[in-house]
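The primary structure of each chain is shown beneath.
There are 2 protein chains.
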Amino acid sequence: MKSPLLHSVIGVLLVFGQISIAKAQKQPQSRPNIIVFLVDDMGWQDTSLPFWTEATALNKRYHTPNMERLAREGMKFTNAYAAPVCTPSRTSMLSGMNAAHHGITNWTSPQRNEPTDAKDDQFLPAEWNYNGLSPQPGIAHTLYATPFPELLKAAGYYTIHVGKAHWASAGTPGANPYNMGFMINISGHAAGHPQSYLGTENYGNIPGKATPQAVPDLEEYFGTETFLTEALTREALKALDEPIRNKQPFYLNMAHYAVHVPLMADKRFYQKYLDAGLDMQEAKYATMIEGMDKSLGDMMDYLKARHVDGNTIIIFMSDNGGLSLAPPRGGPAHTQNAPLKAGKGSVNEGGIREPMIVKWPGITRPSSIANQYVIIEDFFPTLLEMAGVKNYQTIQKIDGKSFVPVLKNAAYTDNQRFLFWHYPNKWIPKDGPGINYCSAIRQGDWKLIYHMRDSSMQLYNLKNDIAENEDLSKKNPEKTTQLLKQLRDQLKNWNAPMPVDKKTGKPIAITSGL
Amino acid sequence: MKSPLLHSVIGVLLVFGQISIAKAQKQPQSRPNIIVFLVDDMGWQDTSLPFWTEATALNKRYHTPNMERLAREGMKFTNAYAAPVCTPSRTSMLSGMNAAHHGITNWTSPQRNEPTDAKDDQFLPAEWNYNGLSPQPGIAHTLYATPFPELLKAAGYYTIHVGKAHWASAGTPGANPYNMGFMINISGHAAGHPQSYLGTENYGNIPGKATPQAVPDLEEYFGTETFLTEALTREALKALDEPIRNKQPFYLNMAHYAVHVPLMADKRFYQKYLDAGLDMQEAKYATMIEGMDKSLGDMMDYLKARHVDGNTIIIFMSDNGGLSLAPPRGGPAHTQNAPLKAGKGSVNEGGIREPMIVKWPGITRPSSIANQYVIIEDFFPTLLEMAGVKNYQTIQKIDGKSFVPVLKNAAYTDNQRFLFWHYPNKWIPKDGPGINYCSAIRQGDWKLIYHMRDSSMQLYNLKNDIAENEDLSKKNPEKTTQLLKQLRDQLKNWNAPMPVDKKTGKPIAITSGL
Numbered sequence: 001m002k003s004p005l006l007h008s009v010i011g012v013l014l015v016f017g018q019i020s021i022a023k024a025q026k027q028p029q030s031r032p033n034i035i036v037f038l039v040d041d042m043g044w045q046d047t048s049l050p051f052w053t054e055a056t057a058l059n060k061r062y063h064t065p066n067m068e069r070l071a072r073e074g075m076k077f078t079n080a081y082a083a084p085v086c087t088p089s090r091t092s093m094l095s096g097m098n099a100a101h102h103g104i105t106n107w108t109s110p111q112r113n114e115p116t117d118a119k120d121d122q123f124l125p126a127e128w129n130y131n132g133l134s135p136q137p138g139i140a141h142t143l144y145a146t147p148f149p150e151l152l153k154a155a156g157y158y159t160i161h162v163g164k165a166h167w168a169s170a171g172t173p174g175a176n177p178y179n180m181g182f183m184i185n186i187s188g189h190a191a192g193h194p195q196s197y198l199g200t201e202n203y204g205n206i207p208g209k210a211t212p213q214a215v216p217d218l219e220e221y222f223g224t225e226t227f228l229t230e231a232l233t234r235e236a237l238k239a240l241d242e243p244i245r246n247k248q249p250f251y252l253n254m255a256h257y258a259v260h261v262p263l264m265a266d267k268r269f270y271q272k273y274l275d276a277g278l279d280m281q282e283a284k285y286a287t288m289i290e291g292m293d294k295s296l297g298d299m300m301d302y303l304k305a306r307h308v309d310g311n312t313i314i315i316f317m318s319d320n321g322g323l324s325l326a327p328p329r330g331g332p333a334h335t336q337n338a339p340l341k342a343g344k345g346s347v348n349e350g351g352i353r354e355p356m357i358v359k360w361p362g363i364t365r366p367s368s369i370a371n372q373y374v375i376i377e378d379f380f381p382t383l384l385e386m387a388g389v390k391n392y393q394t395i396q397k398i399d400g401k402s403f404v405p406v407l408k409n410a411a412y413t414d415n416q417r418f419l420f421w422h423y424p425n426k427w428i429p430k431d432g433p434g435i436n437y438c439s440a441i442r443q444g445d446w447k448l449i450y451h452m453r454d455s456s457m458q459l460y461n462l463k464n465d466i467a468e469n470e471d472l473s474k475k476n477p478e479k480t481t482q483l484l485k486q487l488r489d490q491l492k493n494w495n496a497p498m499p500v501d502k503k504t505g506k507p508i509a510i511t512s513g514l
Numbered sequence: 001m002k003s004p005l006l007h008s009v010i011g012v013l014l015v016f017g018q019i020s021i022a023k024a025q026k027q028p029q030s031r032p033n034i035i036v037f038l039v040d041d042m043g044w045q046d047t048s049l050p051f052w053t054e055a056t057a058l059n060k061r062y063h064t065p066n067m068e069r070l071a072r073e074g075m076k077f078t079n080a081y082a083a084p085v086c087t088p089s090r091t092s093m094l095s096g097m098n099a100a101h102h103g104i105t106n107w108t109s110p111q112r113n114e115p116t117d118a119k120d121d122q123f124l125p126a127e128w129n130y131n132g133l134s135p136q137p138g139i140a141h142t143l144y145a146t147p148f149p150e151l152l153k154a155a156g157y158y159t160i161h162v163g164k165a166h167w168a169s170a171g172t173p174g175a176n177p178y179n180m181g182f183m184i185n186i187s188g189h190a191a192g193h194p195q196s197y198l199g200t201e202n203y204g205n206i207p208g209k210a211t212p213q214a215v216p217d218l219e220e221y222f223g224t225e226t227f228l229t230e231a232l233t234r235e236a237l238k239a240l241d242e243p244i245r246n247k248q249p250f251y252l253n254m255a256h257y258a259v260h261v262p263l264m265a266d267k268r269f270y271q272k273y274l275d276a277g278l279d280m281q282e283a284k285y286a287t288m289i290e291g292m293d294k295s296l297g298d299m300m301d302y303l304k305a306r307h308v309d310g311n312t313i314i315i316f317m318s319d320n321g322g323l324s325l326a327p328p329r330g331g332p333a334h335t336q337n338a339p340l341k342a343g344k345g346s347v348n349e350g351g352i353r354e355p356m357i358v359k360w361p362g363i364t365r366p367s368s369i370a371n372q373y374v375i376i377e378d379f380f381p382t383l384l385e386m387a388g389v390k391n392y393q394t395i396q397k398i399d400g401k402s403f404v405p406v407l408k409n410a411a412y413t414d415n416q417r418f419l420f421w422h423y424p425n426k427w428i429p430k431d432g433p434g435i436n437y438c439s440a441i442r443q444g445d446w447k448l449i450y451h452m453r454d455s456s457m458q459l460y461n462l463k464n465d466i467a468e469n470e471d472l473s474k475k476n477p478e479k480t481t482q483l484l485k486q487l488r489d490q491l492k493n494w495n496a497p498m499p500v501d502k503k504t505g506k507p508i509a510i511t512s513g514l
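Residue numbers (full-length UniProt numbering), protein chains in the order written: chain V, 1 to 514; chain Y, 1 to 514.
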């Protein structure tokens, strides 16, 4: 392991371009520790760290000094993507597959065999894998795959999961992080959000009032003022003691329940947001953001104090866009991720573009910015490459692409690659922008959105129009057709779930416009 | 690690007395794995393995072939003891202290600051540590101590807790096994029994119906026919894969929730006990016993299949006597541990004498029987000695005494040692035999019971009168006085909690009769 001092020196040299990246890599180094710091439902603008070309009003609203610090020490990704809702993203990360391919296209219920599709007049639900991901074959309505933590564990990594799991429904193996390759599990289970963030409410564990969302494993904080984010952070750091002492490389899946609803005030930060003029809901949301950021800072401080910061990769990510339904959010609906359109549940940028930062000591340059687009399934091959795991066997075919080349060179560009989003489900009763029954494809700066209800399409140039206001499909029929064909062929190739037309009783097909 | 074959050969040689134990010990051997298989509320006679000088009707009722198998491969203890109820026993085991010394004399509530003493006309509750054991100082109403798993972990053991913990109340650090030195925790928390044993009832995790006893961490079995005992066994074996693969010595605290109430039928075994003529409650109880025994067998099979049985110590134990309240048990009250008097909650033998078996490959002789009395706090120094941990530092002064000398020599005898039981609490509304406000002391075959309500005493000779029917205190005033003085001095020395006399407002003292 490199000393923190040596790393700082290399860092400084890198900034001034005095030595090459390749040279830095040649330093002797043990296998790196890896932390994925995954926030739930955090939007691209829910931070004081600007991810766009300019600082926005939202950047001024929020306080995330530790994200700023991490970005100063590492690489900021301005075009990082996830799926529009949580389970598809989380299972894409664990399986390395696109949601259209693994077929877990919507969030999974904590109860088995309960598809979560809202009722619809036009469509019957698609045949999706509504019980989630499974590390064992033969489980109905699941996708059988090899989760990457299993491969890291087999390679000698000490694997820890803390916080929200939500990879599968209760009653199936994937509900249990211990079955997914994790050696330690704290508070991860089948639920997608906490019943309560408050220790004074036992995080929901109140006799007779507990729901499937009551957070397990935190009894020691019951009755205390400890906000859930803080409790999970303390438990995570406690779990890290063991591998650090044994000099065993670790993988920590630090998956915060924040900032998912229910919106609750983290009292440590509440007053200042009220004083700043935010309404109560938005002030609560801001406190949840800042509490999450404090967790990041606590973790960075801990790594430094334990002298492992120089050999620990931190990847900051969110699992989908910020919630833009109002209520529960304050302000007009679908404005909460401005300049992006819409939010969670949408294939518009507000639903899928994520704040992502990677610090890989000795590899990523301090304060570097990568504009290459990447997507959540890329985490699978990337994490294994970071850990030096090669020639691994998986049940599934991996769709993700390692972004290690980007980490080594922020200017790395691949404008030929296609990214896909596929949401053949009904998330909320009333359709919103890009919400319910939509797919999308991106190549270079071009993005096409396809609406399954009426086969309508929009083509956007994201470089010039990040807000997706100007539909260029009529002006660019060739590009439109090319992207639509690519989308159609890929979905067909993956045998992607499609909603069922009530009139025909058959899954719809993407045909119109071709 | 010795090969299983080599171990078998040594075992056979030992049986025929061809080589000395000392010689067997000289074989090169890595640090042993250790499993404590702790059953909850299991009585001394709740098994087909006789622990008395004769097989009883209860021995004929129950089917525990794997306990028989373990006894054939190891050493049976006929005079093993615990405290009369669970938390005192469990915290004695973890701290190495007698209950009168650690002051956790009664079971702890899953809620903080809720003494569990029943109301009484004569006494106010004693000042006991009703929030349980704490690995951190300064927590109100707890005993601050170093738990032995912390020492095992520090020595390089991979420490796993599965099942019931119940060392402390929610809202205190001791509620969380991760704070007690365990690296893995599955289903251990602040509760003392499961809400349900049934996977079909989600072990209690039903929205709006969950109590603090809903069992955490088993989401994958929700909605299935998996009985709790079976689910915990599978999870435990899964957790063992990791240290076995890494050749790291492990400590497994396999703490079954069975056979505590609620009595529920394990359907795999139910019909045969009904057919045998048992009433429904007793038939259910018998299925819970047999399911627990199957777990033991599955574990032994697993160790063999993984080729670590030759280097794995198994210690079978229960935490207090079998429940003898009727209902919920069938039959007349306080007969369920016959020939022993009373049951759980009592300082009579039925409440404290436990089925204990130890298999230490290469050390314990097959089918050996030890009559030396031992007690639950002895586990602390014994387990550390087994693991080769020496010169360890603890916050607390250890009362327990290693029984390794007994394991090396079944004939080992110490009739001078004193054992103590102290229950200054009110467990149930109506006093029973040895139940509520009683202390006891044993030396050699002599046992004195002291009743705090009226300072009355009974003296028994357990060798001749295991049923504690004949009070010899009048016939043996000297022995009676000697034991009473010893008890009084020890309780005083330990500053043991005592009930408060409502008339004087002061804790009572043991004075009468002296």
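Treat the hints as calculated values from the structure; they're not laboratory data. Note that this is a predicted model, so its numbers are computed, not measured. One should not assume that every hint holds.
Derived, one-sided and incomplete: chain Y residues facing chain V with beta-carbon distance under 10 Å [claimed, not checked]:
| # | residue |
| --- | --- |
| 1 | 115 |
| 2 | 116 |
| 3 | 118 |
| 4 | 119 |
| 5 | 122 |
| 6 | 125 |
| 7 | 174 |
| 8 | 176 |
| 9 | 184 |
| 10 | 196 |
| 11 | 202 |
| 12 | 302 |
| 13 | 305 |
| 14 | 429 |
| 15 | 432 |
| 16 | 433 |
Each residue gets a CB set at the ideal place from its N, CA and C atoms; glycine is no exception.
Going through the hints against the structure:
{"no.": "1", "hint": "115", "in the structure": "16 Å, violated"}
{"no.": "2", "hint": "116", "in the structure": "16 Å, violated"}
{"no.": "3", "hint": "118", "in the structure": "20 Å, violated"}
{"no.": "4", "hint": "119", "in the structure": "21 Å, violated"}
{"no.": "5", "hint": "122", "in the structure": "31 Å, violated"}
{"no.": "6", "hint": "125", "in the structure": "21 Å, violated"}
{"no.": "7", "hint": "174", "in the structure": "8 Å, holds"}
{"no.": "8", "hint": "176", "in the structure": "4 Å, holds"}
{"no.": "9", "hint": "184", "in the structure": "7 Å, holds"}
{"no.": "10", "hint": "196", "in the structure": "14 Å, violated"}
{"no.": "11", "hint": "202", "in the structure": "7 Å, holds"}
{"no.": "12", "hint": "302", "in the structure": "16 Å, violated"}
{"no.": "13", "hint": "305", "in the structure": "19 Å, violated"}
{"no.": "14", "hint": "429", "in the structure": "22 Å, violated"}
{"no.": "15", "hint": "432", "in the structure": "28 Å, violated"}
{"no.": "16", "hint": "433", "in the structure": "33 Å, violated"}
Consistency with the previously given hints fails for numbers 1, 2, 3, 4, 5, 6, 10, 12, 13, 14, 15, 16, ordered from lowest to highest.
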